[in-house]
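4 protein chains.
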Amino acid sequence: MHPPFAIRPLSLAALLVLSCSAAVAKAPALSPAAAMPTLSTNITAAEVLAAQRAWGNALVQIATDFETGGIAKATATANAVLDAAYAYQLGPVLFKPTLTTAPHTFRTTREGALAYFVGHNPNFPNDTGFALNGWRSVEIRNVAMHLQGNIAKTMGNVMITDRNGKVTTVDKTWGYLRDDQGRLRIVLHHSSLPVTN
Amino acid sequence: MHPPFAIRPLSLAALLVLSCSAAVAKAPALSPAAAMPTLSTNITAAEVLAAQRAWGNALVQIATDFETGGIAKATATANAVLDAAYAYQLGPVLFKPTLTTAPHTFRTTREGALAYFVGHNPNFPNDTGFALNGWRSVEIRNVAMHLQGNIAKTMGNVMITDRNGKVTTVDKTWGYLRDDQGRLRIVLHHSSLPVTN
Amino acid sequence: MHPPFAIRPLSLAALLVLSCSAAVAKAPALSPAAAMPTLSTNITAAEVLAAQRAWGNALVQIATDFETGGIAKATATANAVLDAAYAYQLGPVLFKPTLTTAPHTFRTTREGALAYFVGHNPNFPNDTGFALNGWRSVEIRNVAMHLQGNIAKTMGNVMITDRNGKVTTVDKTWGYLRDDQGRLRIVLHHSSLPVTN
Amino acid sequence: MHPPFAIRPLSLAALLVLSCSAAVAKAPALSPAAAMPTLSTNITAAEVLAAQRAWGNALVQIATDFETGGIAKATATANAVLDAAYAYQLGPVLFKPTLTTAPHTFRTTREGALAYFVGHNPNFPNDTGFALNGWRSVEIRNVAMHLQGNIAKTMGNVMITDRNGKVTTVDKTWGYLRDDQGRLRIVLHHSSLPVTN
Numbered sequence: 001m002h003p004p005f006a007i008r009p010l011s012l013a014a015l016l017v018l019s020c021s022a023a024v025a026k027a028p029a030l031s032p033a034a035a036m037p038t039l040s041t042n043i044t045a046a047e048v049l050a051a052q053r054a055w056g057n058a059l060v061q062i063a064t065d066f067e068t069g070g071i072a073k074a075t076a077t078a079n080a081v082l083d084a085a086y087a088y089q090l091g092p093v094l095f096k097p098t099l100t101t102a103p104h105t106f107r108t109t110r111e112g113a114l115a116y117f118v119g120h121n122p123n124f125p126n127d128t129g130f131a132l133n134g135w136r137s138v139e140i141r142n143v144a145m146h147l148q149g150n151i152a153k154t155m156g157n158v159m160i161t162d163r164n165g166k167v168t169t170v171d172k173t174w175g176y177l178r179d180d181q182g183r184l185r186i187v188l189h190h191s192s193l194p195v196t197n
Numbered sequence: 001m002h003p004p005f006a007i008r009p010l011s012l013a014a015l016l017v018l019s020c021s022a023a024v025a026k027a028p029a030l031s032p033a034a035a036m037p038t039l040s041t042n043i044t045a046a047e048v049l050a051a052q053r054a055w056g057n058a059l060v061q062i063a064t065d066f067e068t069g070g071i072a073k074a075t076a077t078a079n080a081v082l083d084a085a086y087a088y089q090l091g092p093v094l095f096k097p098t099l100t101t102a103p104h105t106f107r108t109t110r111e112g113a114l115a116y117f118v119g120h121n122p123n124f125p126n127d128t129g130f131a132l133n134g135w136r137s138v139e140i141r142n143v144a145m146h147l148q149g150n151i152a153k154t155m156g157n158v159m160i161t162d163r164n165g166k167v168t169t170v171d172k173t174w175g176y177l178r179d180d181q182g183r184l185r186i187v188l189h190h191s192s193l194p195v196t197n
Numbered sequence: 001m002h003p004p005f006a007i008r009p010l011s012l013a014a015l016l017v018l019s020c021s022a023a024v025a026k027a028p029a030l031s032p033a034a035a036m037p038t039l040s041t042n043i044t045a046a047e048v049l050a051a052q053r054a055w056g057n058a059l060v061q062i063a064t065d066f067e068t069g070g071i072a073k074a075t076a077t078a079n080a081v082l083d084a085a086y087a088y089q090l091g092p093v094l095f096k097p098t099l100t101t102a103p104h105t106f107r108t109t110r111e112g113a114l115a116y117f118v119g120h121n122p123n124f125p126n127d128t129g130f131a132l133n134g135w136r137s138v139e140i141r142n143v144a145m146h147l148q149g150n151i152a153k154t155m156g157n158v159m160i161t162d163r164n165g166k167v168t169t170v171d172k173t174w175g176y177l178r179d180d181q182g183r184l185r186i187v188l189h190h191s192s193l194p195v196t197n
Numbered sequence: 001m002h003p004p005f006a007i008r009p010l011s012l013a014a015l016l017v018l019s020c021s022a023a024v025a026k027a028p029a030l031s032p033a034a035a036m037p038t039l040s041t042n043i044t045a046a047e048v049l050a051a052q053r054a055w056g057n058a059l060v061q062i063a064t065d066f067e068t069g070g071i072a073k074a075t076a077t078a079n080a081v082l083d084a085a086y087a088y089q090l091g092p093v094l095f096k097p098t099l100t101t102a103p104h105t106f107r108t109t110r111e112g113a114l115a116y117f118v119g120h121n122p123n124f125p126n127d128t129g130f131a132l133n134g135w136r137s138v139e140i141r142n143v144a145m146h147l148q149g150n151i152a153k154t155m156g157n158v159m160i161t162d163r164n165g166k167v168t169t170v171d172k173t174w175g176y177l178r179d180d181q182g183r184l185r186i187v188l189h190h191s192s193l194p195v196t197n
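Protein chains in written order, with the working numbering: chain W, 1 to 197; chain U, 1 to 197; chain D, 1 to 197; chain R, 1 to 197.
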């Protein structure tokens, strides 16, 4: 019998695909080209916003999966998120998570990213699992966006609220790359705590 | 007093700019990002169609300028068209005009392109001036389009009608590159006569 | 026992992969970045030339397979070539073959491309199979090249020699797109017979 | 007579151009294409490293100009740096400087970037001028790099040493865009202080 937490990641992966992908071969809905076969790899602002929402939903999903199914369930979900929403299968990802410290500040490998989200990896002993902290909602406020073909970038604030209503605000830069299946993948992710005076 | 042919090219250049450019820094009108500062270099299908219409209008303009102002007027207009609508200032253009022959089949330089359109260049002795043939209208029927960031490509037929109503049909591939001012420029242009059995 | 023509296409596909691919995640050999993990999607001139040679080799392969194994063998090879070297799985390809005529001038679908190379498709009744004409060697002379990230374009002449030593020269434009596996795929192919006076 | 600080920025701008630009129309030195006219917009790893060194040199230049010529000289140099090395003329830049605080955390406009580097802008009252802090040298240690046509991105640490030998280390992400003149321009710049336990 498959335990429920083994099924969940697939559902989440499906959700991510639905929310942040678009067929490469489909053009955005532009009336002048309505009838014309088009190969468009251009990322739209709407797709970027959908990918950001999917990231927020995924973080909350890992947190709640941890509460209902423990570390095994949270890890399975985190693995599914990394496979569906990040670009580690294409090469090194430029990932500087919010709370990492030297000598493991940058997580250019999938292993390092997974360790950051769910901890429990002796190669990253300071990681306690950022995604395990009872997150309940994520709000994203972009200040500007770059759209350049199959590459998009955003900068802004992300507000993450936990089950006690405590809000953590971070300064966030995301870079996306559309893959051959049409999916937006995170290729760049720099998150930092705001400077306080 | 400015001779009319000295003024005309500027007007045509302005027309080309109006018809085939868009500010790089302005995003396409997408409601989700309405309030967000955006740098978008993505070419839209509508921009490609506008650039194609501008090319057709420019060809007719050169032809009618030749009839009203002679070769000087036609040449001035052709120069303005090349500066506004092709990308010779950025590098070699992949240009194979409809009727060129070896050893001057390919016109990767601005000089060669001008010679093709208006002739009168001893370096290209077979050029009689394609744009001088009494063209009156241009119809474009694309069969497919590629949109990839600041690069776009189309393929299809172009039907050019002269003052006697004679229609010349060509098989045409165009490639465009958006420049830093937001203008679409032709970087690739392969035109060929249809094969007949 | 597998018939030989069923094995051959796989070998050819492997050859194509070897000759025109490079891992996306691998940077070109640049000394300054030797030790740095790099995701590079940039196509190099050397990769373009290799993809062109692979196309020429594939054309000769289909022709010789036709002679040794008949239409079944040639078709299997042509299918392998289309899957390995063209981009039909990503969207419509801008393909205007040398000898096609209206209303089937443009082959934006995989079916149309296959019909052009090996014929035998009632939907394309004028196709006699361009690749079946006893080709023995292919020479490519580019006049210029565009390299723009995962997109590359070339223009020039291609000389194809058959078993009788007869040379067919065409004017050729190719466009390539690197896929997520690192392979260069033809997304644009405009071929035309030279104009003769 | 021109005051020396009016001349200096021009020299610096020239230096920046020399150190971080390359003609768009020139291909990287690749032997197979040596003789072929090429339009290449691809950014190389070497160009990225040169642009990073130029940024470090510019920061030190502003600091030393402040010491030798006061705020006027430093401001003139900072203006030249922004014009030569950032992309504000193309659109909003995704710039999160190291020490900015809400509500002015992000500097997507040129004015905000200038205020961060040299202060003295009442619209940004918390800015004391980051570049005025006696910087003497800059060391850059990238952990990974992305090269995608006319876009490049890096992530890593930057160590900035002041005149007293004190070293400030930051976590840094840079994004570059090559402009039509061939120059690499910073379109993304996220800098943050390392988290300390």
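Accuracy of the hints is not assured; some may be wrong.
Since copy identity is lost for identical chains, a pair holds within one copy or between any two.
Unchecked claim - As a list, the in silico SDA-like pairs of lysine to any residue whose alpha-carbon atoms are at most 25 Å apart:
no., residue 1, residue 2
1, Lys166, Gln89
2, Lys166, Val195
3, Lys166, Pro122
4, Lys166, Pro103
5, Lys166, Gly56
6, Lys166, Ala35
Since the hints were derived computationally from the structure, they do not count as laboratory data.
Please name the hints from earlier in the document that this structure breaks, with their numbers sorted from lowest to highest.
1, 3, 6
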